[in-house]
Every structure is written in C-alpha cells, then in structure tokens.
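> Spelled out from the first residue to the last, the chains are:
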Amino acid sequence: MYKLRATIKKDLRILSRDKMGVLFMFVMPIILAIVITAIQNSTFELVNDNKVSLLLNNHDTGEASKELIKSIEKIGMFNLTLVKGKQMDAQVIERMNNKDALLAIIIPANFSSKMAAKAKNIAGKALNNFGAPVDGVNVKADADSIEPITLYYHPVLQESFRASINGALRSSLQLVESKQILQTLYFSLNETALPDSLEKDIINTNVAINQVPVSRDGTRVTPNATQHNIPAWTIFAMFFIVISLGSSIVREKLNGSFMRLKTLPTNYLIALLSKQITYLSVTLLQAAVIFAIGVLLFPLLGLPKLNLPSDIAGLFIVSLACGWCAVSFAICIGVFAQTQEQANGIGAVSIVLLAAIGGIMVPSFAMPASFKIAMNLSPLHWCLEAFYGLFLEAGKLKDVLINILPLFVITVVIQLLSLWGLKRKNLI
Amino acid sequence: MDNDAISIRDLGFSYPGQSKNCFSNLNLDIAVGTRFGLFGPNGAGKTTLMHCMTGLLSYSHGSIRLLGNEIAHHKKAVNKLFGFVPQDFSLYQELSPVQNLEFFGAWSGMRSGAIKKKITELLEVLDLTDVKDKQVHKFSGGMKRRVNLAIGVINDPQVLFLDEPTVGVDIQTRHAIINYLKQLNRNGTTLIYTSHQLSEAEELCDKIALIEDGKIIINNSLEVLLAEHKEDGLEGLYVSLTGKQYKDIEIVSTG
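Just so you know, the sequences run in chain order E and R.
So for the first sequence, numbering that gives the first Met the number 0 puts the first residue at 0; every next one is plus one.
So for the second sequence, numbering that gives the first Met the number 0 puts the first residue at 0; every next one is plus one.
The following block holds chain E by itself, in its conformation from the complex (with noise of 0.2 angstroms):
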C-alpha cells in the first residue's frame, strides 16, 4: 500500500504541474457546455416562443376568406400582417426578400364564391345519396375550378418546420370548407340558417391532446437543450484526459524512467494502477463540477437548470464506468504513440472521431444507418446513452445497466490491449 500511496502522490504531483493538461481537462469542456447549450436553447426558444411572420394578401372579399384568416390567426404560430390593397405577388415576394416575414400566404379572388359553390355541390351530392333531388350538382364546374392558396416561404425554414406550417393551413382550410357544407346542408333541408351552437357543438372536437414526455420514473420534467448537452460534454471531457495522461506516459517512456522503473523490486502494475485511481478521480472531479455549473451556473446565466437524476448512487456509478473507460483508452493511446506529438493528435482526433459516431455531436437517430455499426463500436455512445438514461428518461441504475455492460467489455478490451503493448515493447 506505501508504494502505491507514493505512486499515487507523485501521480497527483505530476499532474498539478500540467497546467495545459488541467486547462483541457477542466476549461474547454465547460465552455463547450455553456457555449453550445447557449445556442441549442436559443434555437430552442426560436422554435418553440417566438411566432413566424406571416403575410397575408387576401384578393378575395368574401366571408370564407375572412373565416379562414381568422382561423389562421387562432392557429397561434404566427404574427400575421394583413397586407393592404391588394398588392401584386411580386410586392409581397419583394417584402419577403426585405425580411419583413418568412411566409405569405395569397388568398385567390373569388376564393368565397368557389368554396360556397363547392359546398353546394357537395351538400346536392348527399342529399341525393338521401333521396331527395337537388339542383346542387349543377354547380360542378364552378366547384372543380377553386384557385389553390399560395404559400411562399423564406428558404431558411427547414422542411419539417414547412410541413407543420402545410398541416396547419390545410386544417384551417378544412375547418372553413367543412363549416360551408355543413351550413349548405342544414339550409337545404330546414330552410333555415345552421344555429350558432350547433355547429359550434358539430365542427368543435372536445377531445384534448395531452403531451406528457416520457419518463421512467413519471416526472413531467421536460427535456432541453441543458439537459442534452451537460452529460454529452461531461463525456467529452472526461476522455479529453488522454492530452495530459497520454503524454504523461509517453514521456516516462522517452526519458527512460519506465526502464529505471523495471530495475526496481516494484511490480510496474501498481503504477498502472496508480494512474488509474488518480485520473479516474479526475474524470469524476470533473463530472461533478460540471454537473454543480449545470446547477448552480447555468440559471444565473439565462441557461435552463440542470435537473440531477434522482438516483444519485446510479449518477455515481455511471460516471465512474465512463471516467475508467476514459482512463484505459487514455493509458492505451499513451502505451502505442512513439512520442507526445502523437498521444496529443490521435489521442485529440480519436476522441472528436469517437464523439462524432457516438453521437455526442451529432444526435445517434440522425445518423445513416451504416454509421449505426461504428457507433455501437465508441465507448463515447454507451457512456452517453447510460447518462441519457439518467438525466432524460429518469431511470435508475437498474434500466442503464444494458449500456454500463458493453462499456465494461470495451473497456476491459482496451486494457487487455494496453497490457499487451507494455508486454510487447518489453515495458513489463
């Protein structure tokens, strides 16, 4: 034990003097965090608080329009400005292009006329279908030739936020074309105007949509951009260790006190041990301040407050698995490169590979299905996924066990790996 109790302090001491190596260890990860949870939350808040500008240009004067512009407004996605006297589509096109608004939508004239005539035609249909003749058929030609609604866009507008945009419109545009049927009909058959709370109570669903985002635990925390990124850079730094602990190997190497090392009546396992014990305490000093910045930091900062997991010994326990999976690959890089330029460059690209398929940078469900094989490969995706499990589904220990298991078996490859170069090079 005094042995490794040396080791571990000159381990410790060594470390302190790697001002650099602290630096990337600490420093970057944490403004990796603020900085791109900053952005993702702005986006956030883009998407989810703030309305679209809407033009609206309406040729038409009749009621459908005036109904369906009301049914727009009721939609609550955009910010519509109604445009005045009917100004030509090149006009609207040319404000688009001044940044007045992302969208517009041109209501064609006679757009009431056509709908009531389709409507007619389509309540004449059914009262046929009844038994009753009706002269409504006549008016076929007038239904069929409705001029489409045209809705110009901004090219910033990426396709899915377009086709919710498309959804929305077209159930505007049913509401509007239902309600005229549905008045045609009732006239048709009672002579009399459809009262108001009727075709309230016939048009007005009263089954609600509940969202509610999925939990294991039955919380109604909602995820964002805080609660993504924190665990995912938590991992990055914690692997990003391989710059101080890579090079420390590399350097005992080149000076010659690994050979010195071997002369003396010390198993050169304990000061693998050794440099694990002492850098994975760091990577689980660095988790935990991280996570307190996710705390304590980010709400003073205008940053959604990290929300701990509720099983903290699970916290621990999968941040312990990460930090030695980080440690033994770091110790592996350290044991193959030949000099410290090369622990730092493909110990810094392996990692920023290794995030990259694991899905640190770039959401795992995103990725083609062929990179799907590699990312099962990184330890960075098990150990982001375990966190996951944490952090966004509010599982306990027992649910991110199925990802703690494969990041046990790489890493157990990486030290049988480790030990074999050391073997090899005549280090051990």
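Please keep in mind that the hints were generated in silico from the structure rather than gathered at the bench.
Please read all numbers here as calculations on a predicted model, not as lab measurements.
Be aware that one or more of the hints could be misleading.
Subject to a maximum C-alpha distance of 20 angstroms in a straight line, what follows is the list of computed EDC-like cross-link-like pairs (lysine to aspartate or glutamate) [stated by the list, open to error]:
hint, chain 1, residue 1, chain 2, residue 2
1, R, K229, R, E202
2, E, K261, R, D87
3, E, K8, R, E93
4, R, K133, E, E66
5, E, K18, R, E93
6, E, K261, R, E69
Following the hints, complete the assembly by docking chain R onto the known chain E.
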C-alpha cells in the same frame, strides 16, 4: 564464484528481428568490491550487456548471477540488491529531488523513515540541499546528473551499475561524482561502470574489460594490462587494442 558480484556464463543474446547475435557464449566474472570498468567502441555491446545484467533485457541462453542469484529466476530479489544509474536522466523532471527520491525510495522497497534519513544524507553528500525542493527541469546538466546518481543509490545497493554517469558535466561535478563513487566502494559497494572518459576510468577503476563486437577481448587489472601491452595509459591501451578507424555501428533500439 561465491565471492562474485556478477558471474556470467555462456551468455547469448540477440535483439528481436535481428539474425546477428550481440553475444555468443560470453563469460565474465566481477568480484565483490571491485571498481569494474567496461569499455569499448560505440555499438560494441556495453549498454546491452549492462541491460542484460540488470534484467532489462532477457537473454536467450546462458546465465547471469548477481551475488549468487540467477537474475532470470529471482528478479524481484535481485532488484533489491543493485542500483542502476542510466545514461539518460531517468527521473521526473517535473518533481523536485526530494519528491523523486521519495518515490524511487518507495519503489525500492524502503520504508518512509529510512527514505527520509537517506534523502538528507544524499542531498548533503551530493550538494543538493539548497535546491532540494526545486523542480529538476530547472537544473543544470551537472545537478541533474547528481540527482540521477542519488536515485540510483537511494537503496544502499550492494552492486551499482553506472552507464556513463558523468557525461556532459563540468570538471567540478565529475570530480565530486567520482569521489562519491569511491566512497561508496570503500563502504563495500561493487561498481560496474561504462564510460568513454578514459582518464576518469583510470582514476576510478581497479579492473577493466574491453568489449568489441560482443566479445570480451581483455579483462584484467589496469596495472597488469598496461604492463602486458607496454602502454602508460588507458587511452593508448584502448587504441592499440581497438585500432584507430571509426567503430560506430547501427544503434539498435532497446525498446
């Protein structure tokens, strides 16, 4: 043989991937208490032989006994008996002399109290007391050499291997190191030493061996060798035995 610090019999060694043997059936005895110098041209096999004697390299056949212990079979026990001062500064330059000595003392199997006592003694003898808490990377070459030597002797070794321990130091430091090594020898430590500083070797060694192309070509006391070859100094003896042409060969990595 019982009085030998080192006894080498039929040693065979070649580096992995090399067909040529560095040593074939090499024999060498070094008596306890000797100040033994191992000399030879660059690439002759001095460092390789020293690495075989310290267990850093595994030999393919033959045996090496250190104070009667076969090093291939009793590595841990043998490692307690000797000290090694490599040619490179094989220490942690981020640490101070005291911190280095604390660590290497612990790895030599010493207890905390014994380490502290020995550190005080070594710092005093090697004139490092004033800089004991400063980081080694700020030291001059001579100071680093003395720290390198101190680490090699922290465990009071019975046999001390020194691979060019004074290379790159000034005259004062060389003088101090040689005097300290003589003092260690007077206290019973066997010294096994390699260097290209032949005048220094003349001053320190009482017995020398010359190695060339993996073979020991002479091995005797300095006085006897000088008399046999009618030379008045080690340098003349060396040149008469190895010739004047360049002797460098390709350096093989020791891993």
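> With reference to the structure, classify each hint as holding or not holding.
For each hint, the structure was consulted:
1. R/K229 / R/E202: It holds: about 19 angstroms lies between the C-alpha atoms, which stays within 20 angstroms.
2. E/K261 / R/D87: Since the Cα atoms of E/K261 and R/D87 sit roughly 15 angstroms apart, the hinted pair holds (cutoff 20 angstroms).
3. E/K8 / R/E93: holds (13 angstroms)
4. R/K133 / E/E66: violated (85 angstroms)
5. E/K18 / R/E93: Roughly 12 angstroms separates the two Cα atoms, so the pair holds.
6. E/K261 / R/E69: Given that 20 angstroms is the threshold and the Cα spacing comes to 17 angstroms, the pair holds.
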